[in-house]
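**Student:** Chains as they are written, first to last, in our numbering: chain A, 101 to 188; chain B, 101 to 188; chain C, 101 to 188; chain D, 101 to 188; chain E, 101 to 188.
Among the hints, a few may not be true.
[What the hints assert, rightly or not] No farther apart than 30 angstroms at their CA atoms in a straight line, the calculated lysine-lysine pairs in the DSS-like style are these:
(1) B:LYS123 / A:LYS115
(2) B:LYS115 / C:LYS115
(3) E:LYS123 / D:LYS123
(4) A:LYS123 / B:LYS123
For the record, the hints were derived by calculation from the structure and aren't laboratory data. Predicted model only: the values in this text are computed from it and were never measured.
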Amino acid sequence: MLIARLIDNVWATRKAESLNGLKFMLAEVIGGTGAGQHLVVADIISAGIGDRVLVSTGSSARKMLDECEDIPVDAVVVGIIDEDCNIE
Amino acid sequence: MLIARLIDNVWATRKAESLNGLKFMLAEVIGGTGAGQHLVVADIISAGIGDRVLVSTGSSARKMLDECEDIPVDAVVVGIIDEDCNIE
Amino acid sequence: MLIARLIDNVWATRKAESLNGLKFMLAEVIGGTGAGQHLVVADIISAGIGDRVLVSTGSSARKMLDECEDIPVDAVVVGIIDEDCNIE
Amino acid sequence: MLIARLIDNVWATRKAESLNGLKFMLAEVIGGTGAGQHLVVADIISAGIGDRVLVSTGSSARKMLDECEDIPVDAVVVGIIDEDCNIE
Amino acid sequence: MLIARLIDNVWATRKAESLNGLKFMLAEVIGGTGAGQHLVVADIISAGIGDRVLVSTGSSARKMLDECEDIPVDAVVVGIIDEDCNIE
Chain A
101 MLIARLIDNV WATRKAESLN GLKFMLAEVI GGTGAGQHLV VADIISAGIG
151 DRVLVSTGSS ARKMLDECED IPVDAVVVGI IDEDCNIE
Chain B
101 MLIARLIDNV WATRKAESLN GLKFMLAEVI GGTGAGQHLV VADIISAGIG
151 DRVLVSTGSS ARKMLDECED IPVDAVVVGI IDEDCNIE
Chain C
101 MLIARLIDNV WATRKAESLN GLKFMLAEVI GGTGAGQHLV VADIISAGIG
151 DRVLVSTGSS ARKMLDECED IPVDAVVVGI IDEDCNIE
Chain D
101 MLIARLIDNV WATRKAESLN GLKFMLAEVI GGTGAGQHLV VADIISAGIG
151 DRVLVSTGSS ARKMLDECED IPVDAVVVGI IDEDCNIE
Chain E
101 MLIARLIDNV WATRKAESLN GLKFMLAEVI GGTGAGQHLV VADIISAGIG
151 DRVLVSTGSS ARKMLDECED IPVDAVVVGI IDEDCNIE
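Whole structure, please, built from the sequences with the hints as guidance.
**Tutor:** Below you can see the structure in the form of structure tokens.
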């Protein structure tokens, strides 16, 4: 999984129907040589801007969306890193 | 997902039969250290040159093409970012 | 998908049985910050050295090989870009 | 697979239910030009901080979690490299 | 697929049971801008140190392992490049 910080909300009114109702956020990878990479993640565990999150990508991301195996999403927040967990 | 700007149309007359009828566009990743990467995306939600789009890649991309699970496509436009959504 | 130029043939006599009969070519990614990356692609639509091609990777690549879902190939030519399509 | 060194534990109390009970660790890729990249891995074979580990990523990672095919994890420790195996 | 040169054996006594009996080797990508990247590959076609090999990654890699679809491996040697095939 990637560690990223959520830096903004992403709004896309015209999108695949199956994505309606999903919340999208802009995330920036933190730590290590991959730091600074941007990706858009779906969030269903109410993470907020500024949170450090665990992001699963690829087919594993869709497993987060329960029975909705057919949603064209490839990056999802699967956890919010505890504030006192000082890793970088 | 990646955020990219659509910069051109891509024409490939000789291609896999299952790709016939699909529209292909050249996209450039924007924002973060991955900016500048080029990829070709399939588009079925009528995005246009200059639009900023959300792109799903890998097996998740095929989920955008409904029952056509067997199309050899690995990057698809899944949303068009609102003009007033100022993220970068 | 990636855009790449085919630069050579690749010969591998000792290989997985399921790959017998498949043609392999060396491709170089063109355009954008990913340009210059090399990968080996399977080709079943008779592309040739010098052609610019569309390459699908990952599980989507296997979808190009019809009912042979079980072939251990992760990059396949899915289209040949038209000569007069001037993208870079 | 990637070779990485485990450098820390990662705590995320708020996470997907299916991840409860799984141990997460911060890993740093070692060796070759990819060295220095950080990723978070799930560990079920009791690896510890400082160990050099083999990490599988993508859908292959979920295969490590036995019947739990539906866990949204994309990187798992699949082996601990022997101390006297001097590769870099 | 990647082209890589096998540079060492990798020993990991403590590993997933399903990996027992599999031979692991350290490979270095050769050619193009990705050259120098290290990865560990499973080998079942008796490749040796110094060989240039074709490596499939991701879910395609598991297809090389016949009916063992459930082995948590994400990179496998699928061919040995002929000695007189002078590509770089």
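**Student:** Indicate, hint by hint, whether the structure satisfies it.
**Tutor:** A quick look at each hint next to the structure:
Our distance criterion of 30 angstroms between C-alpha atoms is met by B:LYS123 and A:LYS115, whose separation comes to about 16 angstroms. Taking the CA atoms of B:LYS115 and C:LYS115, the gap is near 27 angstroms; set against the 30 angstroms cutoff, the hint holds. Proximity of E:LYS123 to D:LYS123 is assessed by CA-CA distance (about 27 angstroms); at most 30 angstroms being required, the pair is judged to hold. About 27 angstroms separates the Cα atoms of A:LYS123 and B:LYS123, which keeps this hinted pair within 30 angstroms; it holds.
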